[in-house]
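Based on these hints, arrange chains R, Z and A with the ligands on the given structure of chain S.
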Amino acid sequence: MSAQGAGAAATPAPKYTKKDFESDQDVRWCPGCGDYAILSAVQKSMPDLGIPRENIVFISGIGCSSRFPYYMNTYGFHTIHGRAPAIATGLRVARPDLKVFLVTGDGDGLSIGGNHMLHVLRRNVNITILLFNNRIYGLTKGQYSPTSELGKVTKSTPMGSADRPVNPLAFALGCGATFVARTVDRNIAHMDEMLKRAAGHRGTGFLEILQNCNVYNDLAWNVMYDKESRALHELRLQHGKPLIFGPPDARKAVIMDGVLPKVVDAGSVPESALWIHDERNVNAAKLLAGLFAPDFPVPIGVLEEIEAPIYEDVMLQQEQRAISERGPGSIAKLLTSGDTWKIG
Amino acid sequence: MSAQGAGAAATPAPKYTKKDFESDQDVRWCPGCGDYAILSAVQKSMPDLGIPRENIVFISGIGCSSRFPYYMNTYGFHTIHGRAPAIATGLRVARPDLKVFLVTGDGDGLSIGGNHMLHVLRRNVNITILLFNNRIYGLTKGQYSPTSELGKVTKSTPMGSADRPVNPLAFALGCGATFVARTVDRNIAHMDEMLKRAAGHRGTGFLEILQNCNVYNDLAWNVMYDKESRALHELRLQHGKPLIFGPPDARKAVIMDGVLPKVVDAGSVPESALWIHDERNVNAAKLLAGLFAPDFPVPIGVLEEIEAPIYEDVMLQQEQRAISERGPGSIAKLLTSGDTWKIG
Amino acid sequence: MSETAAPATGTKARRELDRAVIRFAGDSGDGMQLTGEQFTTESAWAGNDLATLPNFPAEIRAPAGTLFGVSSFQLQFGSLRVYTPGDRLDCLVAMNPAALKVHLRDLKTGGLLIVNTAAYDKRNLDKAGYNANPLDDPALAERYRLHKVDMTGLTYEAIKDLPLNTKEKDRTKNFFALGLVSWIYTRPLEPTLDWIGKKFAKNPQFAEANTRVLKAGHAYGETAEIFSEHYQIEPAEMAAGVYRAMTGNRALAWGLLAAAERSKVPIVYGAYPITPASSILEELAMHKRFRIRTIQAEDEIAAATAAIGASFGGAIGVTGSSGPGIALKGEAIGLAVTAELPLVIFDIQRGGPSTGLPTKTEQADLMQALYGRNSESPVVVLAPATPGDCFYVAYEAVRIAAKYMCPVFVLSDGFLANGSEPWLIPDPETLPPIDIHFRTEKEGFFPYLRDPATLSRPWVRPGTPGLEHRIGGIEKQDVTGNISYDPDNHDHMVRMRAEKVRRVAQEIPPTTINGPATGDLLVVGWGGTYGSITAAVERAQSDGRSVASIHLRHLNPLPPDLGHILREYRKVLVPEINSGQLVRVLRAEYLVDAVGFNRVRGLPLASEEIYEAIIQLIGSPA
Amino acid sequence: MSETAAPATGTKARRELDRAVIRFAGDSGDGMQLTGEQFTTESAWAGNDLATLPNFPAEIRAPAGTLFGVSSFQLQFGSLRVYTPGDRLDCLVAMNPAALKVHLRDLKTGGLLIVNTAAYDKRNLDKAGYNANPLDDPALAERYRLHKVDMTGLTYEAIKDLPLNTKEKDRTKNFFALGLVSWIYTRPLEPTLDWIGKKFAKNPQFAEANTRVLKAGHAYGETAEIFSEHYQIEPAEMAAGVYRAMTGNRALAWGLLAAAERSKVPIVYGAYPITPASSILEELAMHKRFRIRTIQAEDEIAAATAAIGASFGGAIGVTGSSGPGIALKGEAIGLAVTAELPLVIFDIQRGGPSTGLPTKTEQADLMQALYGRNSESPVVVLAPATPGDCFYVAYEAVRIAAKYMCPVFVLSDGFLANGSEPWLIPDPETLPPIDIHFRTEKEGFFPYLRDPATLSRPWVRPGTPGLEHRIGGIEKQDVTGNISYDPDNHDHMVRMRAEKVRRVAQEIPPTTINGPATGDLLVVGWGGTYGSITAAVERAQSDGRSVASIHLRHLNPLPPDLGHILREYRKVLVPEINSGQLVRVLRAEYLVDAVGFNRVRGLPLASEEIYEAIIQLIGSPA
Ligand SMILES: Cc1ncc(C[n+]2csc(CCOP(=O)(O)OP(=O)(O)O)c2C)c(N)n1
Ligand SMILES: Cc1ncc(C[n+]2csc(CCOP(=O)(O)OP(=O)(O)O)c2C)c(N)n1
Ligand code: SF4
Ligand code: SF4
Ligand SMILES: [Mg+2]
Ligand SMILES: [Mg+2]
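Chains as they are written, first to last, in the working numbering: chain S, 4 to 347; chain R, 4 to 347; chain Z, -12 to 609; chain A, -12 to 609.
The shape of chain S in the complex, shown without the other chains (with noise of 0.2 Å):
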């Protein structure tokens, strides 16, 4: 396999456009949608892969989000709500040469979806799963959803709603997932690189997308959106470098006290004490992922990339290993093996 993990055939893919992806199906979503920005990105990303389209396929669960395969020009399943991990699971073990791409919401994957991102992370599964974080149920029109912030006032939540938000990087690192990471539908450098590092990756590439719901949830990310904020808030991971932010007049670092991330002006520490993001620890990661303004930065970029088995690789090479040491099946020979006896 290849390094994007899966989908790369014998002979090399021809060059493609951006255009090569796109699909004849009329886009549907909300004009203003953050969805938009996100599919043109994809599209953009996809020639990089240097995988043949029809090697490619792209699974989702239900919402507005999911609609996505349509409008992708490969091979789509618009699924069921909130099982794209298991059908995308099913569809990886029995085809391992095809790159999976899933799509899915805050909604999907992670209230009638999260036990299967649960299970699909811990195993593993060589797929690219990108998360669209609108902090709001968008297709059945503005409920809130498990990610909006406690006290939400919606549809179904007239007063606020009684629940604490999950942290979808919180989440994901929780169940084991080997690669973390989180942009913005709005920052589309940023987005470009982050969908080719999730699509580099072996194994599970989980990317949260922090997404604008115009028409229900307007300007919930508006702490990334709004310039001033952004550029006290923004906390560009870089493996390697050491977590400083903030504008450039008044930089500060996060580093740790004790076992306790804390931030400080960049100035007024000593270079031994700062903070190095190493993509490889996921202590390190647990605590960037608890990380959100006002009080601290909020974090953009990869959180952890750890490498690890993946459940259809290690399923295939049992399968191999059995064939080797005790050749392939045989219907004829298993019906007569063991215990027989002849009749007549």
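For the record, the hints were derived by calculation from the structure and aren't laboratory data.
Each statement offered as a hint is correct.
List time: in silico EDC-like cross-link candidates among lysine to aspartate or glutamate, alpha-carbon distance up to 20 Å:
# : chain 1 : residue 1 : chain 2 : residue 2
1 : A       : K88       : A       : D137
2 : S       : K265      : R       : D260
3 : R       : K158      : S       : E322
4 : A       : K114      : Z       : D473
Chains R, Z and A with the ligands alone, transformed into the frame defined by chain S:
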């Protein structure tokens, strides 16, 4: 609501003994099963709750562990596989005056029930969860479970399992749990203490109990059973105390080396460098959850306990507010409210 | 549209009609739903009977001008009883080419066609797939009474001096259409003016703008030369009383509120959002004062089991969804069956299978309600006939679930859920009482002790001293409730659970027959097809045909008198928006050769088609 | 037990029997299942026909001596065709008081009763609820041919010199019982001795111990004074060929392996463990060499959807479970229906509703298979008749699913799953071919283009250049597969999906009628009741009654000739282990007044009771 968060009645509870909590049903576990010890410990811990027996409810899913409620002389509901957290949530919303315990297994709670577990934890519903982790499906006769180690050979995985196990503590923390603890079925004293702590927590008390299935997965937790191994690896977490473990003659300490936990000779580090356990430090808890033998000690005790809004409390406060602000609802008034017109 | 000449009043001729069918159609963004609702309120005020049919795409705001983005609202109103939103249109308002393309086929020849010319530009025509502007085709004006109105231009004109941007101004043009059509059908503007006042209380400019545009549309009808006449529909003969517009989902929600108030037992509603059921959760969430507690669960299984947990706690657990969600609740419902706990399940049926047509109506979940679980798992099944009827059926469902300690299904559908009708407001006192008795008596208590009349077991609230007990999903010994693998006990319990549900027949009133007690044909319906069937049957009756109809509210158990009634007619016709589900039940149960009339188009059945099916079956009058 | 005097051979009288029914009963820990299986193998070797019925509690190892902890294994073997494990017992081996208490009622008067006296101590008697030792009650010895044997003592005696601890020694006593009963029925010990050799190859002491104890039991029969005679059962007349013992779940698994080999398409089996289906997953997992891939999923929904994902990928997706798990798969199956992908679903039915009786058998999921989903969601439904038949049905299910691109249900049950029969090994070459054609042709491709004969759509493997396309659960336009909300298209697609399933009738061979082609009564059965029904019907026929039976393998669509056949008999009886499911289907479909015979006891139907039902229905011979 009382310190237990629920269940205490106006009138003080009668003086109970363990016997008062033993039901008349025959216990149907295999001879030698770790569940017996847990049952006895739970029955023993009941009188100390100071809650009238009739205000206590045990909810469970399906599995050997989930037979638990039948043996408790309290109210009990042996429900369906994996759904106990949702059932308990509905019960608490209807009856916040009851003290609710939830008994589940590694399959019931983390395989089919994983999603409900995620959501009950993030909602912080005021219940006490006892997860019996025997790293196997007992009731269905020995298939591997989500906590079984990678490569586990079982009936359903003759060449070894292909998936990486989920760590219940890390998972719970990733879901935003407000109380996370671990104990061992063969450590009666510690189990007693942890049962009290979990039951006393306001919000979801998540207690993992390492349990032995002597029929299908005997001594899965031998690292905590075998005298020598236990002496070497057991790390007792105590709030405000340093992370020190190991035999008297070779005490070791876990400290932070930047963003990495590390084991060192206790003597070799200055007091100041020791990692002092703080149950309120969620970040620390996430690091602790990752520690396990052989490279690290096995922490038992309370990893984390924090305060957070409780789902059903918030909901009831909203109800109170609605009533106090606009008076109790009246269907007669409602029917004639808004646009109406008269005919004839 | 039967017309009777009437003396001209006002400046223009006014014609008497006894009914009219109108459809407003435009972009998802054009506010057609609001326009239709307002026109509905005006017609209700005018004292007409009416029925409505909102119809919108699954997409939230599909891109402007596209065919799949078209949203429409249809209503029929009249001086006679109105059973349905109507089959064919007397008047179509097409705000853009796409709307014209999609809906024109439903307009009667000679019908009134009103278009907003401003929207018929190249871009929109292309999106709608017209290569030429259909308005320029003389055939159109020959076939229909076409009125080309530059609504956009006239709207801007009416509010040019107001400090609003173009987008905001554009948003008011639907009120121009509303004003115009209100004039054409002589509707009172007051209710809409009131609505504007309330809605934009904090925003005087918008209030002003909408008011002006509404009146401009109205004045346009009065003054513009093009409209030679307009219409008058007398108030309908309706039972005296106070009325309100009622939609099915609101009626279900309010029915629960009434049940909570009367039973004095709190209701816990567990649901996971899904079209077209979501608005029940949203409506209930607004009424916390009624001690109704709503849980937006993580999925449908959690929604159902949370409701079951609440019932175990002594509340009334209710869960609601649509087909795909109900499919997920099957196992949980089985638990309620065997634990013998009350559970009410709302199934707002929509087009399927699978995701299917989320915003369209269907009646294809009857079999799922009856059999969508493992093993023998009998439940009670009810179905409301009209939007307002949902109120009574929800209330009845709670009453039966609590009395018989069992799950009760309520099969509504997308048409009932969103459709509205003028509803005679009942006096809550007249509702049957819901007496719930929680056992507290220790003496002789067993969890599965049975009430001789209902066969239901005692309901004990945890917290009751001395009655601590345990129940579960494993088969249990009758009376004691202890786990039992005894073969004969299992057979006994299977029969017991079935018999308990059969006993609910005690609660069913004699079936009302609409028509002769015996004759050539009986039309049997259930659920949301009530209107279409009744209209068709009454038409056949008025032709002098020997046809009657009954509409089943109780689908399991069936009414005790049903078998007898069926045998009183030569033929039996069962119209359903499915492939024939009730018809199979009736054939199996009574061995009558009932035939189905089945159309599964995501829309209410056309009464015209049912009428034709009736004629086909029994031929010309005897 | 019909007996014919035979010349005494050996030292003791030997009687000829044509059949015998034996049950071994004891503690879950007593190894009764193993004992029964070994006795089965011996009888198979002896050339008898046979049928078995393992029966054990849901608990893993319920505490010793308890009533609910009793485990039993029953078999009938004979020189004539044996259809069932038998209703009443000729011989009962009761290893402890609890076993006696639970099973004695099934022993024929005068039947052979063998008990292990050592186990009849105070503690065990109490646990079984005996206040006096029943063995001391003279009535017992009068009613039955009681043999009190101190098996424990004799076992210890036989191996006292071996270095085993008491627990280990105790574990061998079941082989004493086996040896004794083997002597009584003149079974060959070879197969068991072979088994011991293999099983304890690495553990010579255990091999030695079990061998000695087995022989001790055998010798005890020969020498002990108490047994005056023993029995001989001649080999049965069975088709010539090579046989093996086959259980239903293994047969299902092997059927899939055969299908994978013949179709050359890999099979992906998604399952979540559940009794009694788990052993299919476990069996398949052992055969990776057949390129079968097994996924133990996190739940049943994931198991079903993983299988669907595999089918989308061009493998054959199969998922298996039991009732409660199937209930969870409903929504997913609907997706396969509308996506028109192959999917095979094994439902190993067990006692319900809800958790019910996990280890007991039932036939109550027929309606769930037909209707357990939202909306109109037709699927093919097949049911095997015997353990060995499961092989052919699994194979056929794959063939149909792939040919028609639709879900196919296989309804097996707990009795078939664990029961075993001597199975004539087929030549795989004789199985019908499974030709799977993946479309690669670009020219004129559309995802929902239809094959005129089967109406199935093309199956395209992702990875095929130029055929990139997208499918989903929303209603789609026929042929193009594009999303469509068009009312008429929806109606068309609903009919298309139904018609496609109806077309499968092409695959159904003419129905075999067991008995006269016309007559007084036709008994119609399906699934695991084949044996009980056939035995009852043949008995009625041998009384000279005009009775025939048919056994349906195809439950949806039904055989084309069924309607005609049903009308050839005055009456129709439908025995089922449910409350009457197939009987409802037949009544609805053909309007025949079929009546049901229904017992839901978690056990196979007793052929005696069916026989009585037959007599009741048609009275004495014409
Ligand atoms: C089984 C089932 N339950 C519920 C629904 C209704 N539903 C469709 S999408 C959705 C949630 C969408 O939220 P999210 O996943 O965040 O996607 P978004 O629309 O916000 O992109 C729900 C509840 C469904 N289609 N199927
Ligand atoms: C819906 C459903 N699926 C599957 C099962 C079968 N089942 C019963 S218990 C169990 C797993 C038990 O494992 P665990 O939760 O670890 O409990 P343990 O027996 O080990 O204590 C399974 C798969 C079931 N009863 N219901
Ligand atoms: S509802 Fe929100 S998420 Fe859905 S398409 Fe519209 S803007 Fe996008
Ligand atoms: S199978 Fe294992 S977990 Fe279950 S009762 Fe037996 S020993 Fe305990
Ligand atoms: Mg969302
Ligand atoms: Mg377990």
